[in-house]
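Construct the entire structure; sequences and hints are all you get.
Listed in order, the protein sequences are those of chains R and V.
Residue 376, in the numbering used here, is where the first sequence stops; the numbers in between run on with no holes.
Residue 1347, in the numbering used here, is where the second sequence stops; the numbers in between run on with no holes.
One thing to keep in mind: the hints can contain errors.
Calculated pairs, DSSO-like style, for lysine-lysine (alpha carbon to alpha carbon, straight line, at most 30 Å) [said to hold, decoys possible]: (1) R:Lys187 <-> R:Lys46; (2) V:Lys1219 <-> R:Lys187; (3) V:Lys1219 <-> V:Lys1254; (4) V:Lys1287 <-> R:Lys194; (5) R:Lys46 <-> V:Lys1287.
Honestly, the hints are just simulated from the structure, not real lab data.
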Amino acid sequence: MSDKPGPKAPEQDIVLRVNDLHTYFYTDLGISRALNGVSFDIPVGKVMGVVGESGCGKSVTALSIMRLLPKSSKIIKGDITYFRRPQHNGSAGASDQIKQKSENGQQGFWIDENAGKVQEIRLNDLDPMGPEMRHIRGAELAMIFQEPMTSLNPVYTIGDQISETIMLHQRVNKAEGLRRAIDILEKVGMSNPKLIVGNYPHQLSGGMRQRAMIAMGLSCHPAVLFADEPTTALDVTTEAQILDLMRDLQAQFGTTIVFITHNLGVVAQMCDSVSVMYLGRIIEQTSVDEIFYNPKHPYTSALLNSIPHIGSRSKERLQPIRGVVPDPYSKIVGCPFHPRCNAFMPGKCDKAMPAQTVISPGHNVRCFLYSDEVEE
Amino acid sequence: MTTTAAPKVSDNELLLEVKGLKKYYPARGGFIRRGTGTVKAVDGVDLFVRKGETLGLVGESGCGKTTAGRTIIRLLEPTAGEIRFNLAGKGWVDLAKMDRRHLQQVRPHMQIIFQDPFSSLDARMTVERIVGEPLVINHVASGQALKDRVAELLRVVGMRPEYMSRYPHAFSGGQRQRLGIARALALNPSMIICDEPVSALDVSIQAQVLSLLEDLQQKFGLTYLFVAHDLSVVEHISNRVAVMYVGRVVELAKTEELYYAPKHPYTEALMAAVPKPDPRRRDRPIKLPGEVASPLNPPSGCYFHPRCRYAKSICSVETPPLVEVSPEHYSACHFSKELTLRGVSTK
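Right under this line is the structure:
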């Protein structure tokens, strides 16, 4: 069996492939190994959930792909391949601009011979601040963040901030940018978009700010939208409305969404497939139904047993996972979950890292209970 | 609105009874900071807590649940209302009218655990001083006896006594929350107000702390007022639940009844909104138009009427009191008896 994740889907069906990604942070306390070999394929038009507790690397995965990592960190190893489809290839105008800027013989992804074909772009080879990456970021790969108050600029109006993205990527004038901003605000369910474009972020409620963030993320019809805990800061009734909105928009635009969250309820409600992360690795990956009804990795089951299930009418005791998530500076030999695992096999789990193994079609897991295969 | 959530239970069973509790803040605005109105953070809360039970207090941010909790324990000065507390051996006292000196005698019986385990422990104090401080202030123990008691408390919350000389920064969020619990337990209180005790913790750590709270309740016969916004957690831990909306309790009932047969339209919307951890139960939420009403300028009549899908003309005129609509089930809605509302769907 292959140690690569899942069955390799034909490239027509996937939009982003991450292979053996390692991202480290260099801090005063030492090297923090945030990602230790993350691999997955994101299928077109689906919602993929990434779950895990704080520090498991779920946000760093998105930031690595978006090439938005802080200076203290580095992608050490691995590939991030974006399969660009013609309909996402920005506007011709914007591409012209870039062509002029970087005409020194570099391989250009905008070359017209490629029109109509799926192009493979290795994002990890691009300069994070270079013209190609800046062309892709925002227009083709977009991201919305957890706290809309800190990710919106307080001194610009909502209209300015959304139209900036549109003007930059679609090369339209200010009036047209603003018109499109109003249009997209209406699509995300803002009741009075003409008024809202003139408002500053502090004038909006938390739910409305998050709607504005989603509008900004969707304004250029991206191929993939990374949603990093988009509802965590919101109240439960607002959260329900935002999730409902994202479901509707997903159905309408067919946007591929990577949904990063720690909330298993949100995962169950939103996602088609799920990747469970622990200490910088994906430990289980399968459909949302399999995760909740047929979990294989001891960590996945333990996580499900440790949360209170609303509506289960049971008063049975929760089964906490013992211990705490180890700090990312330490290097654990063997499976990173073994010190907390109920199925720990001494001499095995603490000696080597289990490989990511396919146990049934579309279901892969990293655990010695299912395969003796070791990661090299 | 001061009304009729008068419990029909005998006084001996009760530990706490809150009547018409109000906490107003002056709102100031403009260059010279003149008063521009009143924020009615808590606007007439009625509830009661029985000995040994857990009463959940839920609501969305800004509904006044934390303010209510802190006013009950008199960390905040109430604007009006009664806070009757059944003091072991001394009978009923009204905390709302007590002065500092008398309050100090009551405080050992009622303690609080805070939400954020990072800001609720003094970073410059050792664990021994943090957990032992209540014992020192109340002259309960000193010297070796103090050390022994702190060690015992640490063991009770599942921590090693050797940690006594360490500082809070050496501990994880879950461990710090355990220290906060140890401090609250130091004086053998009869009641603990738990103010969002697990919402700052990771999922796997939440379960550890919730289980610890359940164990301690059994062991010491504790009574909890559990303030939280997570409806799944509240369902798990509470015997009864009170739902707050814009400073008022709108529904109060046994957990089962409140979750599966709610009587207030706001409770119904809350229950429908919780994302259920089950991909085979994908319900559409109930659309609540508009935003939560502002406690600075609440709407007339029932505060929930502008967002309520069952609202009729009376709702914008008359404020519905919290009344007992069926045994032990209180609701503040004009139509509680007529409406059939949807609760949490079960498997």
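Now for the hints, and whether the structure bears them out:
{"no.": "1", "hint": "R:Lys187 <-> R:Lys46", "result": "holds, 20 Å"}
{"no.": "2", "hint": "V:Lys1219 <-> R:Lys187", "result": "violated, 55 Å"}
{"no.": "3", "hint": "V:Lys1219 <-> V:Lys1254", "result": "holds, 23 Å"}
{"no.": "4", "hint": "V:Lys1287 <-> R:Lys194", "result": "holds, 23 Å"}
{"no.": "5", "hint": "R:Lys46 <-> V:Lys1287", "result": "holds, 25 Å"}
Checked against the numbered hints given earlier, this structure breaks only hint 2.
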